[in-house]
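S.K.: Two independent chains are provided; combine them into the complex using the hints.
Sequence order for the protein chains is X and B.
Under the working numbering, think of the first position of the first sequence as 1, with each following residue one higher.
Under the working numbering, think of the first position of the second sequence as 1, with each following residue one higher.
Calculated from the structure, these hints are not laboratory results.
Fair warning: this is a prediction, and the values are worked out from it, not measured in the lab.
Backbone N, C-alpha and C fix where the C-beta goes; we use that ideal spot for every residue, glycine too.
Each hint can be trusted.
Below, computed lysine-lysine pairings styled on DSS-like, alpha-carbon distance capped at 25 Å:
#, chain 1, residue 1, chain 2, residue 2
1, B, Lys354, X, Lys101
2, B, Lys249, X, Lys101
3, B, Lys318, B, Lys354
4, X, Lys101, B, Lys318
5, X, Lys101, B, Lys270
6, B, Lys270, B, Lys249
7, B, Lys359, B, Lys318
So the derived label-pair ranges between C-beta atoms look like this:
#, chain 1, residue 1, chain 2, residue 2, range
8, X, Glu122, B, Gly430, 29 to 37 Å
9, B, Ala287, X, Val143, 51 to 59 Å
10, B, Leu269, X, Arg196, 42 to 50 Å
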Amino acid sequence: MKVLVAEDDQPLAEGVAAVLRDAGFSVDLAPTGLQADYLLRTESYDAVVLDLGLPGRDGLSLLREWRADALDVPTLILTARARWSDKAAGFAAGTDDYLTKPFEPLEVVVRIQALVRRSRGEASPVIRAGGATLDLNRGQLQVDGTPVTLTAQEYKLLAYLFLARDRVVSRVELAEHVYERGCDPDSNVIDVLIGRVRRRVGRELIATVRGRGFMVSSASPPA
Amino acid sequence: MRLSIGARLVLFATIAMLVLLPVAGWMIGGAFARSVEAAFDSRLDDAADALAGLIEVQPDRTVQMNRAPDELRFDQVYSGWYWQVREGDRVVHASRSLWDASLSYGIAPGEPRRRLELVGPRGEPLRATLLLLNLGRVAAPVELIFAGPRSEIDAEVRAFNRVLILALGSLGAMLVIVFALQIRWGLAPLRRMGRDLKRIREGEVHRVDPDLPPDLASVADTMNEVLAHQESLIERGRATAGNLAHALKTPLTTMRLRVDAAPVDLQGLKGDLAQVHGIVEHHLARAGAAGRAGAVFRRTDARAAIEPVLVAVRGLSKDRGIVIEAQYDGDAHVAMDAQDLQEVVGNLLDNAVKWARSKVVLSLRTTSDAVDVLVDDDGHGIPDVARAQAMARGTQLDEASSGSGLGLAIVRDIAALYRIAFELEASPQGGVRAHLRLPRAASGAPTFTISLDKHS
Chain X
1 MKVLVAEDDQ PLAEGVAAVL RDAGFSVDLA PTGLQADYLL RTESYDAVVL DLGLPGRDGL
61 SLLREWRADA LDVPTLILTA RARWSDKAAG FAAGTDDYLT KPFEPLEVVV RIQALVRRSR
121 GEASPVIRAG GATLDLNRGQ LQVDGTPVTL TAQEYKLLAY LFLARDRVVS RVELAEHVYE
181 RGCDPDSNVI DVLIGRVRRR VGRELIATVR GRGFMVSSAS PPA
Chain B
1 MRLSIGARLV LFATIAMLVL LPVAGWMIGG AFARSVEAAF DSRLDDAADA LAGLIEVQPD
61 RTVQMNRAPD ELRFDQVYSG WYWQVREGDR VVHASRSLWD ASLSYGIAPG EPRRRLELVG
121 PRGEPLRATL LLLNLGRVAA PVELIFAGPR SEIDAEVRAF NRVLILALGS LGAMLVIVFA
181 LQIRWGLAPL RRMGRDLKRI REGEVHRVDP DLPPDLASVA DTMNEVLAHQ ESLIERGRAT
241 AGNLAHALKT PLTTMRLRVD AAPVDLQGLK GDLAQVHGIV EHHLARAGAA GRAGAVFRRT
301 DARAAIEPVL VAVRGLSKDR GIVIEAQYDG DAHVAMDAQD LQEVVGNLLD NAVKWARSKV
361 VLSLRTTSDA VDVLVDDDGH GIPDVARAQA MARGTQLDEA SSGSGLGLAI VRDIAALYRI
421 AFELEASPQG GVRAHLRLPR AASGAPTFTI SLDKHS
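Chain B extracted, bound-state conformation (with noise of 0.2 Å):
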């Protein structure tokens, strides 16, 4: 199944925001908690430093508190607040809150002031602050340690992250709102050119309206000409269709009189159907070429295009023996359609074999914006007033020859028909010369593009 661009694009940033908001989420959330977690560490501190400031040593050595700090908390059992004094491995002061347990810990010796999770008399995790002191008189240091509850802080860091979650979420959830409505204001452009189309094909429009952004001008642009050269060949055609039925009414006029005539003209018959084969060539010619708006599409290699019809005069005039050259000047891609390109070659090419002596030259010669394709032969020439005559009509200086006479007339047309020039002029090699000046291709870009640029 093939998602449409719009859903593309939501898709895409939904999965990106089901990305990258857990991850900010994530971040976001462990630093609260690390932030509620310093918070608590500084309570304990400064009740652990507190209470330190109450601790002495007695003249016999014993370690004693002035007063017990007088809070609620400590006198609740088992509240989760809870501090202890040891000396040794003896306890010599705990809170009340700590009742008839202990808090246990294991240290190694290292800092006087540290950090430490442990589990309280009632199976609850703790947070402690554990001080380490050294009171002088007395050898091994005191042991002081202030703990209190660790749900604090997770009840804490869960109620924040519900608060996150929920905000983020909503967050998420707006943003891809928000972005789907854009993508639906920003191909509005492209659903008009497709209603357009739509329009188009039940007749009821014949363009599509340009009036577009500049990406897709360019191709509502392109779309038009291929609608306007589908128009022009249909018109083309039924032009073709109508010419040839019109012209063959003489010739069919004159056979049928013929016909009825005693007795029957058999000469008079044969030149009438050579009149009749040539019309429909003629116009069969004129009706095969693709014709300009085949060049604004085609991009022809001229070279890999003119080899094989090459082989094919060859192979036709063998009899003859004329040798055929063709001289290129490089590769050249030129904007017409293949075929009709091999008709033209192949028809100068033809022609130049009937009036050549002993050779024929074809070369391609590229200029910047167009390739000149020049066949030459080695006949007697023609004067220029005939030459002339043949550019008007092309039919009567081959009917000298053989053949219907009907091949510079097709080039002609071709000719006309891509609005490219086509000239006899005599030929250094001392018969005729048949010019023709194609245009070239683009060196391969393409025909538009959709910038994403503001300056397209």
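So here's chain X without its partners, still in its complex pose (with noise of 0.2 Å):
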């Protein structure tokens, strides 16, 4: 899951980029409104996080752009301005949460976690497919009642899978989900994590789609 934090103040941009990729995420920063703007626009995110007080553009008047072009990527505002008619206005203009500063930075990653949660149509943050269970919100894994240790990259890509279950997703999606921008993974490296991942979990549970891609099926595999 990428998110992408769009905080002018680096100590603070650089605080919550922390504590999002030590939950799992893949973070991107962007300083200013335009960055922000480019890169929202150049790159799947699984959310935003966004500081009102961008330098060169107004957060609020982007978000609105963001929806206008139907862009609904899930959207957090982080900001100072904490008066209700400033909360409604964001709710107006789009936002699906809002977090006032100061703020506890745990309160981002777990608000994340239920944006994205919310958006894929999940009710729980437990997945179940083919007999392993993801808990997102603790980051855990467990197949057939075992505890099973990921890297963080490879728990990005499970992770990404599972809630794109039953739908085949591509080499090229999982790459842009799963790494930073700047990385630049070579076209194999997808397979390399893949092939990893089955070693930890089963060979069943994530199935190849010959030409299209991989998938996790919620059915269990058989026998």
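M.R.: Okay, structure coming up:
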């Protein structure tokens, strides 16, 4: 899962990015409105953390434009403006959540996780697919009841496939949502990663759809 | 270029004069001309009748005049006064003034006495009376014409018109001048107000003198209210900044002590930070509220202001799954700043969501002079004693659940600023009911009227 953090205060941005990465997200940073707009329109994100006081572009007008252009990426507004008239304006502009400064860094993580889940139609943070259980909030995987350890990259890949379960996900899409901008992964990095995950969780969990990509099915694999 | 009121009025009066006086002059002049003409005609008639009396038909059927009228004007050649008697197409008698010319005219059968306009021997315009005389023994009627110069009429009319123009012109000018003076006197109170405002701007005085005519007095009163509001805002801003700085000193001191101690009490520091945050939020909220003077100049559509806040509260409480219902009993406008209204409703809803089990109900009830805002939750409620405490300080109750505990305090402060009633009661839903009584805005009538009649 990849998150865009649009915040001009550098220590704050890096602090938020750090807690998000710890929780298993890939994070791209945008310190200006122009960069945030560019990145959002050219990369794929599962959520955006938007500061309203960005230099160059007013955060609310940016958000309104995104929504008007059908860019419905789940958004969390982060701002010092705490009056209810400000919150009302934020939601009217199309935000999905609103957090005022100062805030507990962990709160950002919890809210982003909830936003991503809700945007995928998941009522619960625990997803079951083919005998495996993934707890998105805790970042834990269990296969047939046994906890399985994954590296950060492996977790990100598997989490994305779980959230997109019963749908074929292409290598390109996986690369966009698992790797941060500037990583420029090679074309077979994804295959290597898939291979590593399969060694940990069992071959059957992730199916290869020849010529199109990979898929995790919610139905249990044949015994 | 925009005209002053005085200039507008004078301009209007001048234009009216320029239109009306010529019309009046034309009507009066016309009436006089007709009257002069009538008098002239009457003289012509008299003379023609006298002449007619002198005409006889001789036994040999010739038309004779017994004696000629003996007047200088008829002797003077081409004097402009002429008479002529015609039988058929032959002139049988004429005045000496006509000399060797004759008066020619064309007539159709009709009236025995008629007016004619014709041209004399000198080419001068003449006005004449024509009589057709049936003299018994003579077959065709004898035509007697008596003519006088039109120039007499015209000269009189011209002389009159000169006087008329002069008189009306002077009248018009004097009226405009008098009118201008009247305007000046009438607008004096406005000028006085303008001078007062100028002095206010220069800092000499702080209020407009309300000693003005009734229509302007209410404008002055409104202006003074605005000035008072401004002053109270400045005062409140100053006081808030001072209070904020003062309130922060204690936690800041505590923080310094903790930082210097070894080992550093991180938990305590976190508590201090929370306290600082709370103090800042509280004072910011206070400074940000428009307050009561805002009530005089504001007219907010309650429903339109509250709807976006509902969206926000619902958006923020999605994970808790609380249902927030809104009931409005009509369209009400409140005399309150829109942002202040959103602030109190947002805080009340936010609070209710924290305490609620599954449902929060927001109701707006309109009475004749107020709009009641009720926020009910179905939580476990709070005992009366605790409720009173919550009203007194507003922080303790909220600290039990999450959040900084400021919500109710902000609502209480804004209610105090507007001097409106705010109460916490037991709710029929089972939990707590927050009741705020908002002032209803006047139904769109202006706050002052300029009346033009004497009974204002």
